[in-house]
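Novice: Here is what each chain is made of, one letter per residue.
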Amino acid sequence: MKTVDLAIGIGGAAGQGIATPGDILARIFVRRGLHVNAYNAYQSIIRGGHIFLTLRTSDAPVLSHGDRLDVLMPLNQDTMNRHLRLMGAGSTVLFNSDTIKPADAAAGVQLCPFSVKQLAPGLRGDLVQNTIALAAILRLIKVEFEILEEILTLQFKRKGAAAVAENVGVARAGYDYAETHFRPFPFSLPDTGKPLAFFEGNQALAMGGAAAGVRFYCAYPMSPSSGVLHWMARHGRQLGIMVRQVEDEIGVINMAIGAAHTGCRAMCATSGGGFALMSEALGSAAMMEIPVVCINVQRAGPATGVPTKTEQGDLWQVLGAGQGDYPRIIVAPTNITDCFKIVPRLFNLVDRFQCPGIILSDLLLSEGRSSADPAEFDFNVPIERGEVIGLNGDGPPANGYKRYLITDSGVSPRALPGTPGYAHVVATDEHDEDGVLISDEFTDPHKRQAIHEKRMRKMDGLLPLLETPALHGPDDAQVTLLGWGSTEGVIWEAMQQLADAGITANNLQIKWLVPLHGEEIVSILSRCAKVLIVENNYSGQFARYLRSETGFAADGHIRKYDGEPFMPHHIVDGVRAILAGSTKLYVPVHEIQV
Amino acid sequence: MAIIEREATRRGQTAVAERPKVTVRDLKGKVDPDWCPGCGDFGVLAALKQAIAELSLQPYEVLTVSGIGCSSNLPGYLSTYGMHTLHGRAIAVATGAQLANHHLKVVVTGGDGDGYGIGGNHFVHAMRRNVDLTYVVMNNQVYGLTTGQLSPTSIKGMTTKSTPFGSVENPINPIPLAITSGATYVARGFTGQQKHLVELIKGGLQHKGFALIDTFSPCVTYNHDNTHEFFKQRTRKLDEMGHDPTNFHAALEKGFAWGDEIPIGLFWKREDLPALDELEPVLADGPLAHRSLGVGPDAARALLKELM
Chain A
1 MKTVDLAIGI GGAAGQGIAT PGDILARIFV RRGLHVNAYN AYQSIIRGGH IFLTLRTSDA
61 PVLSHGDRLD VLMPLNQDTM NRHLRLMGAG STVLFNSDTI KPADAAAGVQ LCPFSVKQLA
121 PGLRGDLVQN TIALAAILRL IKVEFEILEE ILTLQFKRKG AAAVAENVGV ARAGYDYAET
181 HFRPFPFSLP DTGKPLAFFE GNQALAMGGA AAGVRFYCAY PMSPSSGVLH WMARHGRQLG
241 IMVRQVEDEI GVINMAIGAA HTGCRAMCAT SGGGFALMSE ALGSAAMMEI PVVCINVQRA
301 GPATGVPTKT EQGDLWQVLG AGQGDYPRII VAPTNITDCF KIVPRLFNLV DRFQCPGIIL
361 SDLLLSEGRS SADPAEFDFN VPIERGEVIG LNGDGPPANG YKRYLITDSG VSPRALPGTP
421 GYAHVVATDE HDEDGVLISD EFTDPHKRQA IHEKRMRKMD GLLPLLETPA LHGPDDAQVT
481 LLGWGSTEGV IWEAMQQLAD AGITANNLQI KWLVPLHGEE IVSILSRCAK VLIVENNYSG
541 QFARYLRSET GFAADGHIRK YDGEPFMPHH IVDGVRAILA GSTKLYVPVH EIQV
Chain Y
1001 MAIIEREATR RGQTAVAERP KVTVRDLKGK VDPDWCPGCG DFGVLAALKQ AIAELSLQPY
1061 EVLTVSGIGC SSNLPGYLST YGMHTLHGRA IAVATGAQLA NHHLKVVVTG GDGDGYGIGG
1121 NHFVHAMRRN VDLTYVVMNN QVYGLTTGQL SPTSIKGMTT KSTPFGSVEN PINPIPLAIT
1181 SGATYVARGF TGQQKHLVEL IKGGLQHKGF ALIDTFSPCV TYNHDNTHEF FKQRTRKLDE
1241 MGHDPTNFHA ALEKGFAWGD EIPIGLFWKR EDLPALDELE PVLADGPLAH RSLGVGPDAA
1301 RALLKELM
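The listed protein sequences correspond, in order, to chains A and Y.
Take 1 as the starting number for the first sequence in my numbering and just add one per residue.
Take 1001 as the starting number for the second sequence in my numbering and just add one per residue.
Hints may be right or wrong, so weigh each one.
Only pairs whose alpha carbons sit at most 30 Å apart, straight line, appear in this in silico BS3-like list of lysine-lysine [as the list claims (entries may be wrong)]:
1) Lys402/A <-> Lys1021/Y
2) Lys1237/Y <-> Lys454/A
3) Lys142/A <-> Lys1305/Y
4) Lys1028/Y <-> Lys402/A
5) Lys2/A <-> Lys341/A
6) Lys1030/Y <-> Lys447/A
7) Lys1269/Y <-> Lys1237/Y
A short list of chain A residues far from chain Y (calculated; beta carbon distances all over 10 Å) [what the hints assert, rightly or not]:
8) Asp126
9) Arg172
10) Tyr177
11) Ala211
12) Ala259
13) Thr262
14) Arg265
15) Pro307
16) Trp316
17) Pro413
18) Ala450
Bear in mind the hints are in silico, worked out from the structure with no lab data behind them.
In this text, a Cβ means the ideal position worked out from N, Cα and C, and glycines have one as well.
Just need the whole structure built from these sequences, with the hints factored in.
Specialist: Below you can see the structure in the form of structure tokens.
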């Protein structure tokens, strides 16, 4: 049973220093073994605008950033104006009364004004108010002051003893003021004694790449994928990974393919616009049969779209990326920890089947943050390179080596450049088993058919290796919520809320998109009473994909495409509306302007 | 396994005598070229083979990367490792391959449309990075494989299928572009001067850094302006003109020259700049492609600690 479920919202303009108190709170929570989920709603702006961080902690796993706030920490008047009306009974609002005035609050909301001028006379506003508010929050949830003191000391050590003393002094004033002036929460923050790790999705993807043995990483900066590049750039030298920032995404994917051809594992990440530029080359990787992994961190499209907002809008783009038919693997991790685990797994598959692999993440996963048991980050992963000649300088000169030898599995042994005796040409033109072009002088429909079938045959071998999706929750539920990728957590939380309201629901979450376990999915869904598909896009991209692959049509749809992720109650409201028969397509309206 | 020693190739000190002999015959590919009879590209293929043979580069140590176009079919006519990549992408793919295994000798071949048109962005950035590539462009000033349209190097006024009333655009001049973009070996050859072309390609192969050998390789089918005869009458060797390839301003001046006298030869060379792979501390332990995979337990612990 959970004893604490606390959500803290910190909002202000970009540049007001929202991240620091957020990070400090998260660190304090996970060091006590509490679970954390954090979502930062931000804008494509460097200074100004409205940024809102939601940080939720509990002694039970936190599946989403939730529906409500217990604490609001507005750093400017704008944030107060936007969010105060959503604060309910039992919640607390902490603000600098020198500059921020509250409007009317709902009954039972504790307004906690403090004056920076009074508590920290002579010190300048913005960052001081953050420190005071942070200290006050910690007092209200009964965290010992010494913990904050230690963190601040560490943080300001570089700036000298005076800076440490000043910040600790300000924090002390806020802490003491809260003790005498504000009502604390009715619980004490538990300590499980088992500290958890706290990390961002992009960090998890990058670490997954390191675990997989990526030796070449390249990218062109693009939100919300740049976190992978930043992690790689910071850690590359220490881990023996070459990291390159390339002139454009066409260059990125082609450079990765060139590196991968020599035998090292190569990866790149981008968002939808960059991925669009990579399309042709992904087909070329399949044609030349070179394994490479590309991450697409989806943001709200089309075109430049909303760069800092989330969406699951690129499914059809990745399904159809590039001309012609070619083997590819597409996987959508379902939670932030999965972002780590999926990368080595996918590398083993693309190495074995010598084709491109695409990870479909989104802003919610990639820039969202979560806690996990550190044991989940097992770097000792199995590494399977498939049929490779020349990795260890082995392989005798083979007369008549055929790079694209036609085999039952469709997989042909891959010789790496530099290996004596196996020189060959890989080509994006159609070619025969030898690699000789059959696109011009030697055009041959029979050879073309045979080599095309050889490549595509790899998909048959792949499918049985992918785990089949399974129902989560009661088998005989009234409603089945079918989702894919990042929506797993919020759907699970909605299921709990539905159960509390007397509606039983279960979830089928799809992770492996291509190849798709269509038969198993339909077999499961055919036993479900009512199937509703939940997805973060306008047109029901997964619903349309499932119908095209299997003929299955769902009973209803819950969709959101305003840029913000689902909150649990959006799904609950949708289930109610659809069960009541008032609609078959429910689109929630996001309550807050963020 | 005899691999090209970094030190030996650096500054052109290839230890040719110590390598197993390679003949032009050894370099013959699986099939013969399907270029039009009389195409200049035959001359580039012959010169490239001759240069590789004279340097005794082993076919398995060489990776020849091309894009798409008539001339980009070249890797299929050679017995080295080869990659026949997408239109315009050869430089990007070759950069990845060279950085991932800097023991390979990476040669890029292709046409003017492939390299200076659709691939222009990669071309410029590879030069500013001084990637260790030898780039031989078969410049025929026209699109051949698509049956005769304007190319980025087509002369102003040229009549093609896409410019039936004559082109009004100025062409790209790859020589000054390369010099100012940061290439460290910039040369121009002509297929009508085979021995000269072999020497230029050899110089490029021995150069540590980005080497461009733009080569007049006339198209006998679609370009009736810039023919073999046209260049035969106009080209003049730079070394006979007393040109100093270490003089930046002279190199630019000669690079812009075009008219009754068109210079060929080595315009520009500098050896004081390291190639990109030499600047990468990550490569100190040898080629990435030869490394074992994974993260050791100590490094893994350190990474986890960052999350706690």
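Novice: Does each hint fit the structure? Answer for all of them.
Specialist: Results of checking the hints against the structure:
1. Lys402/A <-> Lys1021/Y: holds (26 Å)
2. Lys1237/Y <-> Lys454/A: violated (52 Å)
3. Lys142/A <-> Lys1305/Y: Roughly 27 Å separates the two Cα atoms, so the pair holds.
4. Lys1028/Y <-> Lys402/A: Holds, at roughly 17 Å.
5. Lys2/A <-> Lys341/A: Distance of about 27 Å is within 30 Å: holds.
6. Lys1030/Y <-> Lys447/A: holds (17 Å)
7. Lys1269/Y <-> Lys1237/Y: Judged against 30 Å, a Cα distance of about 16 Å means the pair holds.
8. Asp126: At about 28 Å from chain Y, Asp126/A clears the 10 Å cut-off, so the statement holds.
9. Arg172: holds (26 Å)
10. Tyr177: Consistent with the label, Tyr177/A stays out of reach of chain Y, its closest Cβ about 31 Å off (over 10 Å).
11. Ala211: Since the minimum Cβ distance to chain Y is about 6 Å, Ala211/A lies within 10 Å and the statement is violated.
12. Ala259: violated (4 Å)
13. Thr262: Contrary to the label, Thr262/A does not stay out of reach of chain Y, its closest Cβ about 4 Å off (not over 10 Å).
14. Arg265: violated (6 Å)
15. Pro307: The assertion about Pro307/A holds, with a minimum of 22 Å to chain Y.
16. Trp316: holds (23 Å)
17. Pro413: Per Cβ check, Pro413/A is outside 10 Å of chain Y; nearest 15 Å; holds.
18. Ala450: holds (18 Å)
Hint violations for this structure: numbers 2, 11, 12, 13 and 14, all remaining hints satisfied.
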